[in-house]
Amino acid sequence: MKQIIDFIPLIIFFALYKMQDIYVATGALIAATAVQIVVTYFLYKKVEKMQLITFAMVTVFGGMTIFLQDENFIKWKVTIVYAIFAIGLAVSHAIGRSAIKGMLGKEISLPDPVWTKINTAWVAFFSFCAGLNIYVAYEMPLDVWVNFKVFGLLIVTLLFTVLTGIYIYKKMDKSEQPEQELDQKLNKDEQDHTS
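Taking our numbering, I'd label the letters of the sequence shown as residues 57 to 251.
Since the hints were made in silico from the structure, they are not lab data.
Hints may contain errors.
Unchecked claim - Okay, derived cross-link-like pairs now, DSS-like style, lysine-lysine, Cα gap no bigger than 27 Å in a straight line:
#1 Lys227 <-> Lys157
#2 Lys162 <-> Lys74
#3 Lys173 <-> Lys101
#4 Lys162 <-> Lys102
#5 Lys157 <-> Lys173
#6 Lys105 <-> Lys157
#7 Lys105 <-> Lys162
#8 Lys173 <-> Lys227
#9 Lys102 <-> Lys157
#10 Lys173 <-> Lys105
#11 Lys74 <-> Lys157
From a predicted model like this one, the values you see are computed outputs, not experimental measurements.
Generate the whole structure from the sequences, applying the supplied hints.
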């Protein structure tokens, strides 16, 4: 449900861009993102920092796009958001408080070197997307950039998330195996004592 709510502002942006223009679509994106945050808070009683950062960037760069009638500002928003995420993950790791481990560490137990690799991979991914957005924004027509922003980045992010999940699953099995062997040994010892 949450993923659907997160995707609605992009669909609205895409539809209004196709029906009207980039400026109408950008105004709708700002409004839809604001509504998204309200709905998310109403349903889940919290809003993630990433959503708030995205909303702030959409509002600032979208507002500049509309006010100055310059589509370049909304194009830059994507790169700046991805750069903020990359820097945030890098800094959180550098100070010893990995954001990814903080988000997932309560549910998933992994060795610290695995968390480091996951964190580094996401820093590289966000950095790559930030650079790729600049390339598409300035080397391709506006229609191509809109399609890339709405669908291309979404597909690439979903794919990278799945790959991260597979990597975690493989590492989780290995890291939890000693615990499972210990549990089996303890259970066997208990059975030996009770028989």
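Consistency of the hints with the structure:
1. Lys227 <-> Lys157: holds, 14 Å
2. Lys162 <-> Lys74: Violated, at about 43 Å.
3. Lys173 <-> Lys101: Answer violated: Lys173 to Lys101 is near 32 Å, above 27 Å.
4. Lys162 <-> Lys102: Distance ~18 Å between Lys162 and Lys102 Cα, so the pair holds.
5. Lys157 <-> Lys173: holds, 11 Å
6. Lys105 <-> Lys157: Roughly 15 Å separates the two Cα atoms, so the pair holds.
7. Lys105 <-> Lys162: Judged against 27 Å, a Cα distance of about 18 Å means the pair holds.
8. Lys173 <-> Lys227: It holds: about 11 Å lies between the C-alpha atoms, which stays within 27 Å.
9. Lys102 <-> Lys157: Holds, because 20 Å separates the two Cα atoms, which is no more than 27 Å.
10. Lys173 <-> Lys105: holds, 23 Å
11. Lys74 <-> Lys157: violated, 40 Å
In summary, the numbered hints that this structure violates are 2, 3 and 11.
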